[in-house]
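Each chain, letter by letter, is given below.
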Amino acid sequence: MKSLKLIGLTLFASLALSATTFAQDITVAVAGPMTGSESAFGRQLQNGAEQFVADANDAGGVLNKKLKLFIGDDACEPKQARSIAERIASRGIPFVAGHFCSSSSIPASEAYADGNVLQITPASTNPLFTERKLWNVLRVCGRDDQQGVAAAEYIVENFKGKNIAILNDKTTYGKGLADETKKALNKAGFQEKMFESYNKGDKDFNSIVSRLKRDSIDLVFVGGYYQEAGLILRQMRDQGLKTILMAGDAMNDKKFASITGPLAEGTLFTFGPDPRKKPTAKAIVEKFKAKGVDPEGYTLYTYAAMQVWAQGAAKAGTTDPMKVMKVIKAGAWDTILGKLEFDAKGDIKQMGYVIYKWDDKGNYAEIDPAI
Amino acid sequence: MDYFAQQLINGVVLGSIYGLIAIGYTMVYGIVGMINFAHGDIFMIGGFIAMITFLILISLGLSAVPLILLVMLLVSMAVTAVYGWVVERLAYRPLRQSFRLAPLLSAIGMSFVLFNFSQVSQGAQAKPIPPLITGGYTLHDSGNFAVQLSNVQIVVVVTTIVLLAIFSFIVSRTRFGRDMRACEQDQTMAALLGVNVDRTISMTFVIGAALAAVAGMMYLLYYGLVDFFMGFVAGIKAFTAAVLGGIGSLPGAMLGGLAIGLIETFWSAYFSIEYKDVAAFSILIVVLIFRPTGLLGRPEVEKV
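These protein sequence lines are chains A and B, in that order.
The first sequence runs 1 to 371 under UniProt numbering.
The second sequence runs 1 to 304 under UniProt numbering.
Among the hints, erroneous ones may be present.
[What the hints assert, rightly or not] Below, in silico cross-link-like pairs of lysine-lysine (DSS-like), each with a Cα-Cα straight-line distance of 27 Å or less: (1) B:K127 to A:K242; (2) A:K160 to A:K242; (3) A:K200 to B:K127; (4) A:K183 to A:K200; (5) A:K175 to B:K127; (6) B:K127 to A:K254; (7) B:K127 to A:K170; (8) A:K79 to B:K127; (9) A:K357 to A:K175; (10) A:K242 to A:K357; (11) B:K127 to A:K289; (12) A:K361 to B:K127; (13) A:K291 to B:K127; (14) B:K127 to A:K357.
Simulated from the structure, these hints should not be mistaken for laboratory data.
Input sequences plus hints: build the corresponding full structure.
Pasting the structure below:
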């Protein structure tokens, strides 16, 4: 028994020791759904963050200190997001890149604001994230009120006189995107035939699909994540429907095609212009490819979020979140996504959405607007 | 009319899967009087084993679909049955003479163990497989609405009916079924008359797990993916089905499963999809107010 206690003490002491060694470094965090149904996106965030930390350390670190990465898992659950945020804040971590799900980013941001942490989300598109006038939030992606407009424009142009249905998964992201799309459609004088919601995590959509069939829907817009969208698509094709599925940016992972297989062909979604094709990202994309990672979706956005913070901290000469924030909002930053500038709320000034289409081989590409 | 027929097909298929899982709940309740909360997770394990078997068979270069399905079915039933046996042996048998809540708590614990185990060992992402059974029939085409019955749906329903028939035969006609019914009525008396109670209970868990494995495989074939969390929702629904049908009654479990499947489907067919779970559980409450023992349940006679 005594020796057990001794071992315990030694372990504890070694932990305390290593903690003091690390104090020489700057710990930054990346937080997102590392587990759960959205874990493919968590992987994107983590890949981007790890690559940035490795690159930054190779280049001498930030403020002459090495970076260390803390990885937080919120499983896309608001409650878990809040508790991981409190943990990050209590560790005195000055900066977090995250989260992915809007329903996680929003509650987490309040804990970060109280705990003095600067938060840049690479992926949460719900307008509310920056609309609450918190001092500590920035985002390097677009907003659903822009994304919904882009989707609506495409629908109005290409589906004039056709029947449209809008579905959403009741999450902050899904419902928000569906509402924005509906609003933009109605403004253009376009009335959807059906507006319904389902539960995130549902597997059986046969009943909804039969309803789409009854109403002869030509295009269904899904405000939701790729797993449910994939199942809806599969069940539509099983029931003999040729309806086209369209969704938002939560479709930009190859996992979608692993659910649908070749059925994915023709499925549409909105997302920013492919960051992998930007000339500023070329060198980094090569690095990822060399590691066998496809930096798709929000991988490069996460990298850019960290770049913004690192440059801001370097210029401010401190990691103090409030001071860094002031510097970031005042300046313009060279990132792999190009030059980024932020408005007073924390949204980026440059963002456009384009339409992507899946093919039957499990790849997606921007639709050439000329066609 | 066509629309109604299509929704009826959707509901019956969904209900069959719920029913298959519900049988496991009802059987265990009938014999040991406890709710086996780990049963939903046994169902999930069954789905995973079918998926793993599929991947192994594909990597071995097998391409005959009927053979693949048969091997998947047998392997997942066999392996999942072992899980069922182990769960009973580890978590329930030592507590059988304990107070009533003890096995219930250990069942909830077991459920956490199983789903965390599969999350850790299989990863947190949904695992999809390509559609194995494709094609189907157009039953009726009225021009703007075609009633479709896919082959997967036929397989799910037929498998359910066949298994139910085999299973009812075992319970009502075989020696083992008689032992089971004897243990259900009075374990001490059954033991005195030479029934091996431990073995009978073990076998009940084994059969329940095997049926759950079939449900898991049907789920995999029908929806095309499995994830570590699927046992939770499906388990709750199936448990509801068992209670609705009258817990302890086998036909009741099947009937309850069908009822829940149909209510969910028809509610989302004609009313707001948002409230389909509310509808299913409201009907459960109404049924239980008027028939506290469920649709086919017999009131329990207190033994003096």
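Hints and how they fare:
no.	hint	verdict
1	B:K127 to A:K242	holds, 25 Å
2	A:K160 to A:K242	holds, 17 Å
3	A:K200 to B:K127	holds, 17 Å
4	A:K183 to A:K200	holds, 22 Å
5	A:K175 to B:K127	holds, 26 Å
6	B:K127 to A:K254	holds, 13 Å
7	B:K127 to A:K170	holds, 24 Å
8	A:K79 to B:K127	holds, 25 Å
9	A:K357 to A:K175	holds, 22 Å
10	A:K242 to A:K357	holds, 16 Å
11	B:K127 to A:K289	holds, 25 Å
12	A:K361 to B:K127	holds, 19 Å
13	A:K291 to B:K127	holds, 24 Å
14	B:K127 to A:K357	holds, 23 Å
Checked against the numbered hints given earlier, this structure breaks none of them.
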